[in-house]
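J.: Residue numbers (this note's numbering), protein chains in the order written: chain R, 1 to 213; chain G, 1 to 164.
Hints listed in this document are in silico derivations from the structure and should not be mistaken for laboratory results.
Derived DSS-like pairs (lysine-lysine); straight-line CA-CA distance at most 30 Å:
1. Lys17(R) x Lys76(G)
2. Lys47(G) x Lys32(R)
3. Lys121(G) x Lys9(R)
4. Lys131(G) x Lys206(R)
5. Lys32(R) x Lys96(R)
6. Lys3(G) x Lys33(R)
7. Lys114(G) x Lys32(R)
8. Lys76(G) x Lys107(G)
9. Lys8(R) x Lys131(G)
10. Lys210(R) x Lys76(G)
11. Lys12(R) x Lys114(G)
12. Lys107(G) x Lys17(R)
13. Lys131(G) x Lys202(R)
14. Lys47(G) x Lys206(R)
15. Lys57(G) x Lys102(R)
16. Lys107(G) x Lys12(R)
17. Lys107(G) x Lys9(R)
18. Lys47(G) x Lys39(R)
19. Lys33(R) x Lys51(G)
20. Lys8(R) x Lys76(G)
21. Lys131(G) x Lys9(R)
22. Lys134(G) x Lys12(R)
23. Lys51(G) x Lys116(R)
24. Lys9(R) x Lys22(G)
If we take Cβ atoms under 10 Å as the criterion, some of the chain G residues that face chain R in the derived model are:
25. Ile10
26. Gln17
27. Tyr74
28. Val102
29. Gln105
30. Leu128
31. Ala137
Quantities reported herein were computed from a predicted structural model and do not represent experimental measurements.
Each residue gets a CB set at the ideal place from its N, CA and C atoms; glycine is no exception.
Each chain is listed here by its residues.
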Amino acid sequence: MDELELLKKDWKMREQKQPQLSYDDIYTMLFKKSTSIVKWIFIISIAELIFWTGLSFFTPKSSYEILERFGVSQILWMTNIINYLVFIGFIYLFYKNYTAIKVTDSTKQLINSIIKTRKTVRYFVFYNVAVFALILIFINILYYLKSDVLMEIIGEKYGKIKDAAAFLNNFFIIQIVLGVFMLGLLLLFYRLVYGILLRRLKNNLKELEKIEM
Amino acid sequence: MSKELEHSFITQLQANQNIVHKICRLYTNGADAHNDLFQEITIQLWKAFPKFRGESKFSTWMYRVGLNTAITLYRKSKRTIDTQDFETVSFKISAEDYDNTVEEQLKLMYDAVKQLNDIDKALVFLYLEDKNYKEIAETLGISEVNSRVKMNRIKEKLRTILNP
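Isolated chain R, as found in the complex:
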């Protein structure tokens, strides 16, 4: 292509006319903060890991006491231990993937390792959302099966309720609506964060994969 050869010649000629930075200019740049996407992914991922780990630490004591009344505290204790083991596993995987990101890799490899890191965190979030949903379902089934215990606890706290059946009806509807709403909100939030950060990367990866087909 003649035009491209023409461009090549001009490209080389223009090189001489480029602005030149001094030693000091470059020196000051070394201490500036990076705004790279990997840095943002790292910050957001750590925030997510802390958020979900923290959340399970800060379950109020009273809710454990209530669950004890239902006779399921042992099951919950077990799930907690399993949960923490899974957390540790995820954090290890995240760390391993993160350290595998190398700017000196080929472009394709670099994009792949960034996406892999992000995927680990994404699975972590989905895991938490799933556990959250399962516990919600489990507890509500429990409430339903042992509604007499539930009414007893509520009665102790807020005084006796006259129409127990109507109260229970509303109680479960509110539980379900709130649960679904929170789940939706969480998933939407992650879709946004995930989408915004990775859109360009994914497009470029797609381009590279198209070349290989």
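Dock chain G against chain R, hints included.
T.: Using the frame of chain R, we list chain G on its own:
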């Protein structure tokens, strides 16, 4: 030791800074974005420098880190307003009115290259820098044959942009 490392890095980067400027020119519009990307590439180069063992030339290593930063790590800031389409359109009109001088042809070519996607731009950039297909393939992580095929397709693409 770290002072020595700093000095060695800055002198080498300063001597080869044209490579970074050229990447910035291709991937950004406007001086602000150019400087932003230059800075980000410098930071990434500096972070990777302790592991640079001199197995390849400093400049070769710079191509890889620079392009990777432009394609994958750099977050385009909001203030970079893309005025390219407007320029291209207005230029096409004026190009029809006058003879296709070399100058105009070049301007059209640059605009056409700027319209390509990030990956295609990288291929064109390495081509303009006289890199062979083996190097192009290794930098991007694709096979040599495919980089050759892809380059031919890009040439066609540029041709259609220039002669719609």
